[in-house]
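Chemist: Please construct the entire structure, taking both the sequences and the accompanying hints into account.
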Amino acid sequence: MTTYTPESKQFFTALQDGKLIGSACIDCGHVMIPQRVICTRCHSDNTEIVEFAGEGVLSAFTIINVPPTSMAESGFSTKNPYCTGIVTLTEGPRISGQILNVDVANPQTIKIGSLVKMTTIERERNGEKKIFLAFEVI
Amino acid sequence: MTKKTKRGVAVVGAGMSKFGAFPDKTSRDLFVEAYQEMKSTVDKGLDPSQIEAFYMGNFSADQFEKQAHLAPIIASWVGLAGIPALRLEDACASGSVALRQASLAIASGLYDVVLVGGVEKMTDLPIGEVTDALASAADTQFEIPAGFTFPGFYAAMATAYLDEYDASPQAFAHVSIKNHKNGALNEKAQFNQTIADIMESKKKRAAAKGYPVPTWSNELEFFADPAGNPNIAWPMTLFDCSPVSDGAAAVLLVAEELAYQFTDTPLYIIGSGQASDGALTERDTLSGIPSAAKAARQAYDMAGLTSDDIDLAEVHDCFTIAEIMASEDLGFFPRGEGWKAAMAGMTARDGVHPINTSGGLKAKGHPVGASGIAQVIEVWKQLRGVAGERQIAGNPRIALTHNVGGTGQTCVVHIFERRD
Chain A
1 MTTYTPESKQ FFTALQDGKL IGSACIDCGH VMIPQRVICT RCHSDNTEIV EFAGEGVLSA
61 FTIINVPPTS MAESGFSTKN PYCTGIVTLT EGPRISGQIL NVDVANPQTI KIGSLVKMTT
121 IERERNGEKK IFLAFEVI
Chain B
1 MTKKTKRGVA VVGAGMSKFG AFPDKTSRDL FVEAYQEMKS TVDKGLDPSQ IEAFYMGNFS
61 ADQFEKQAHL APIIASWVGL AGIPALRLED ACASGSVALR QASLAIASGL YDVVLVGGVE
121 KMTDLPIGEV TDALASAADT QFEIPAGFTF PGFYAAMATA YLDEYDASPQ AFAHVSIKNH
181 KNGALNEKAQ FNQTIADIME SKKKRAAAKG YPVPTWSNEL EFFADPAGNP NIAWPMTLFD
241 CSPVSDGAAA VLLVAEELAY QFTDTPLYII GSGQASDGAL TERDTLSGIP SAAKAARQAY
301 DMAGLTSDDI DLAEVHDCFT IAEIMASEDL GFFPRGEGWK AAMAGMTARD GVHPINTSGG
361 LKAKGHPVGA SGIAQVIEVW KQLRGVAGER QIAGNPRIAL THNVGGTGQT CVVHIFERRD
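Residue numbers (the working numbering), protein chains in the order written: chain A, 1 to 138; chain B, 1 to 420.
Hints are computed from structural coordinates only; laboratory data are not their basis.
A hint or two may mislead.
Distance condition first, Cα-Cα at most 20 angstroms in a straight line; then the derived SDA-like pairs of lysine to any residue [stated by the list, open to error]:
1. Lys79/A <-> Asp225/B
2. Lys9/A <-> Ser136/B
3. Lys294/B <-> Gly336/B
4. Lys9/A <-> Ile144/B
5. Lys79/A <-> Leu238/B
6. Lys9/A <-> Thr140/B
7. Lys79/A <-> Ala224/B
8. Lys294/B <-> Thr40/A
9. Lys130/A <-> Asp132/B
10. Lys130/A <-> Phe142/B
11. Lys19/A <-> Phe142/B
12. Lys111/A <-> Ser168/B
13. Lys79/A <-> Pro226/B
14. Lys9/A <-> Phe142/B
15. Lys9/A <-> Gly278/B
16. Lys111/A <-> Tyr165/B
17. Lys79/A <-> Ile127/B
18. Lys129/A <-> Phe142/B
19. Lys79/A <-> Ala227/B
20. Lys111/A <-> Ser136/B
21. Lys19/A <-> Gln141/B
22. Lys111/A <-> Glu164/B
23. Lys79/A <-> Gly128/B
24. Lys66/B <-> Thr40/A
25. Lys111/A <-> Thr285/B
26. Lys129/A <-> Gln141/B
27. Lys117/A <-> Leu238/B
28. Lys79/A <-> Phe142/B
29. Lys111/A <-> Gln170/B
30. Lys111/A <-> Leu162/B
31. Lys130/A <-> Thr140/B
32. Lys294/B <-> Lys130/A
Distance windows between CB atoms, simulated [to be verified]:
33. Ser307/B <-> Glu7/A: 39 to 45 angstroms
34. Lys6/B <-> Glu51/A: 50 to 56 angstroms
35. Arg41/A <-> Ile127/B: 35 to 41 angstroms
36. Ile138/A <-> Asp301/B: 42 to 48 angstroms
37. Asn80/A <-> Lys203/B: 26 to 32 angstroms
38. Ile127/B <-> Ile138/A: 33 to 39 angstroms
Here a beta-carbon is modelled for each residue, glycine too, at the ideal position from N, C-alpha and C.
Modeler: What follows is the structure, given as structure tokens:
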């Protein structure tokens, strides 16, 4: 496996490789995403980079009808809304990402607790194509 | 362990500008308005040369007005150049953070008389840029790239809340209707109109333009109609969201032993708490705000009180779901019961726990850096019995303010008391 370091931008480097990374505390076992040097539970700096399986459940979501300019740049609008949400990974911690494979016109059909799988999505940002984290409802 | 400060602090003056959209005014104009009103409320008069320092809450004049280093400018504009002037920023909690730091500075013995203010001028930018500026209060590296906006964060919390407690989304409408009812009685409010008033004017406008006249027969029908009340971030609709606002507020804090030199009816700050948190994803719960519960516990402990002792509360209803979560985080209602309490009218002016008698952020407006101080203005009026038509009954003596930054990365709670 490629060796990633704890600097925050490395999260996106890993994402480019299709990998979702975080940190685990060697002292207390706490698992965190994104990766960090210092454990948020026990304050230890004895942490290591871990890779997540990329599976979890949908814990919260919204349909964005009025997008920020960065998403408007990618073609989203009131007429073309998208779903974004918070996923609880099987390994424990939570992360946010765009939620795919849902009926944005009928948000009542989207269920908290649905199983999701990580994917990546290419969007325009400041005129450049970039890779972003997303989850697909399976 | 309960921590107490060694020297008491009192509020002896409180004023605010009108909240709204004022294309012809800048931050400094709005703050001058607030300062002048504050000065007029100091019962025994204020000699401005007594003011020793100026603490100001402001989220982002650098983004909204392209003006950083705002505190000395504002100090100069109210004739106070020379004294220490500083800006404190913790997003939408900036005002309460300034209040807390100013009161701690008095409690330390360094100052006796301090001006505390909050100001934000948000309406100069196009709405997309306002949304982006507000989003910078979240984690721009890990939360915003997911496509979140601020309404979106609270909407996501709303879905978690609805799911966890099997709650009715109609509760959100009840919060908005109640806050507009209160705001209609507040001449400083951006929307001093009830939802019924707004429906009526929309019907009239449609008729005047020859469009089909909407047939809403009550506020809940209006609320559920996306033509009148569009989704912003489902399940949060336009009328679930506080507006983009311009406004300022100011209070005068003095050492407790000097309070009677200024007024016979000071309000004492008897409890203060502040807590922080990581991004929304880092918390154990998505259906409440842990920093709010922590800050409340500190404030209750310092005051030696419980939620039952609070006669009224001004809470941070940036979105309707936020008021419901706050009513639980502050202990007014058990977890999962806040939505029922909202629907049952328990937070109305004549309810067991009156919340946001000012109209809240929803109706009064939310110029972010000013909001925490504007909450104190309402407490000042209610506890001194001068809130006019919206005055609550029962001679209220103890009030609480709850001011959240971001999605709860910061929360500040204060408790105020009038002693007779």
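Chemist: Hint by hint, say whether it matches the structure.
Modeler: So, going through the hints one by one against the coordinates:
Straight-line distance between C-alpha atoms of lysine 79/A and aspartate 225/B comes to about 17 angstroms, which keeps the hinted pair within the 20 angstroms bound. Between lysine 9/A and serine 136/B the alpha-carbon distance is near 18 angstroms, which keeps this suggested pair within the 20 angstroms criterion. For the given pair, lysine 294/B sits about 18 angstroms from glycine 336/B by alpha-carbon distance, which is consistent with the 20 angstroms threshold. As the CA atoms of lysine 9/A and isoleucine 144/B are separated by approximately 15 angstroms, the hinted pair is consistent with the 20 angstroms bound.
A C-alpha spacing of about 16 angstroms is found between lysine 79/A and leucine 238/B, which places the hinted pair at or below 20 angstroms, so the restraint holds. With a C-alpha separation of about 12 angstroms, the suggested pair lysine 9/A and threonine 140/B falls inside the 20 angstroms cut-off, and the hint holds. Between lysine 79/A and alanine 224/B the alpha-carbon distance is near 19 angstroms, which keeps this suggested pair within the 20 angstroms criterion. A threshold of 20 angstroms between alpha carbons decides the hint, and for lysine 294/B with threonine 40/A the separation of about 17 angstroms falls inside it, so the pair holds.
In summary, the hint linking lysine 130/A to aspartate 132/B is supported, as the alpha carbons are separated by about 19 angstroms, within the 20 angstroms threshold. Between lysine 130/A and phenylalanine 142/B the alpha-carbon distance is near 14 angstroms, which keeps this suggested pair within the 20 angstroms criterion. Under the criterion of a C-alpha separation no larger than 20 angstroms, the hint pairing lysine 19/A with phenylalanine 142/B is consistent with the structure, at around 15 angstroms. The suggested pairing of lysine 111/A with serine 168/B holds, with an alpha-carbon distance near 16 angstroms, which does not exceed 20 angstroms.
Pair hint lysine 79/A plus proline 226/B holds up; C-alpha atoms about 13 angstroms apart against a cutoff of 20 angstroms. Distance hint between lysine 9/A and phenylalanine 142/B is fulfilled; the C-alpha atoms sit about 10 angstroms from each other, no more than 20 angstroms. For the hint linking lysine 9/A to glycine 278/B, the alpha-carbon distance of about 18 angstroms falls within 20 angstroms, and the restraint holds. For the given pair, lysine 111/A sits about 14 angstroms from tyrosine 165/B by alpha-carbon distance, which is consistent with the 20 angstroms threshold.
The hinted pair formed by lysine 79/A and isoleucine 127/B meets the criterion: a straight-line CA distance of about 17 angstroms does not exceed 20 angstroms. A hinted pair counts as satisfied when its Cα atoms are at most 20 angstroms apart, and lysine 129/A with phenylalanine 142/B qualifies at roughly 17 angstroms. A threshold of 20 angstroms between alpha carbons decides the hint, and for lysine 79/A with alanine 227/B the separation of about 13 angstroms falls inside it, so the pair holds. Under the criterion of a C-alpha separation no larger than 20 angstroms, the hint pairing lysine 111/A with serine 136/B is inconsistent with the structure, at around 29 angstroms.
For the hint linking lysine 19/A to glutamine 141/B, the alpha-carbon distance of about 17 angstroms falls within 20 angstroms, and the restraint holds. Distance restraint check for lysine 111/A and glutamate 164/B: the Cα-Cα separation of roughly 12 angstroms lies within the 20 angstroms cut-off, and the hinted pair is therefore satisfied. Restraint check for lysine 79/A and glycine 128/B: the C-alpha separation of about 16 angstroms stays at or below 20 angstroms, so the hint holds. Annotation: proposed proximity of lysine 66/B to threonine 40/A is violated, straight-line Cα distance about 35 angstroms (limit 20 angstroms).
Our distance criterion of 20 angstroms between C-alpha atoms is met by lysine 111/A and threonine 285/B, whose separation comes to about 18 angstroms. At most 20 angstroms may separate the alpha-carbon atoms for a hinted pair to count; lysine 129/A and glutamine 141/B meet this at roughly 16 angstroms. This hinted pair does not check out: lysine 117/A and leucine 238/B have alpha carbons roughly 32 angstroms apart, beyond 20 angstroms. A distance of roughly 26 angstroms separates the Cα atoms of lysine 79/A and phenylalanine 142/B; the hinted pair therefore is violated under the 20 angstroms criterion.
A distance of roughly 19 angstroms separates the Cα atoms of lysine 111/A and glutamine 170/B; the hinted pair therefore holds under the 20 angstroms criterion. Using a Cα cut-off of 20 angstroms, the hinted pair lysine 111/A and leucine 162/B holds, with the two alpha carbons roughly 11 angstroms apart. As the CA atoms of lysine 130/A and threonine 140/B are separated by approximately 15 angstroms, the hinted pair is consistent with the 20 angstroms bound. For the suggested pair lysine 294/B and lysine 130/A, the alpha carbons sit about 39 angstroms apart, so the restraint of at most 20 angstroms is broken.
The hinted range of 39 to 45 angstroms is satisfied by serine 307/B and glutamate 7/A, whose Cβ atoms lie roughly 44 angstroms apart. Distance hint check for lysine 6/B and glutamate 51/A: the Cβ-Cβ separation is about 52 angstroms, which falls inside the suggested range of 50 to 56 angstroms. Restraint check, arginine 41/A to isoleucine 127/B: a C-beta distance of roughly 40 angstroms satisfies the suggested window 35 to 41 angstroms. In this structure the hint that isoleucine 138/A and aspartate 301/B lie 42 to 48 angstroms apart at CB holds, the actual value being about 47 angstroms.
At roughly 30 angstroms, the beta-carbon separation of asparagine 80/A and lysine 203/B lies within the given 26 to 32 angstroms, and the hint holds. Restraint check, isoleucine 127/B to isoleucine 138/A: a C-beta distance of roughly 36 angstroms satisfies the suggested window 33 to 39 angstroms.
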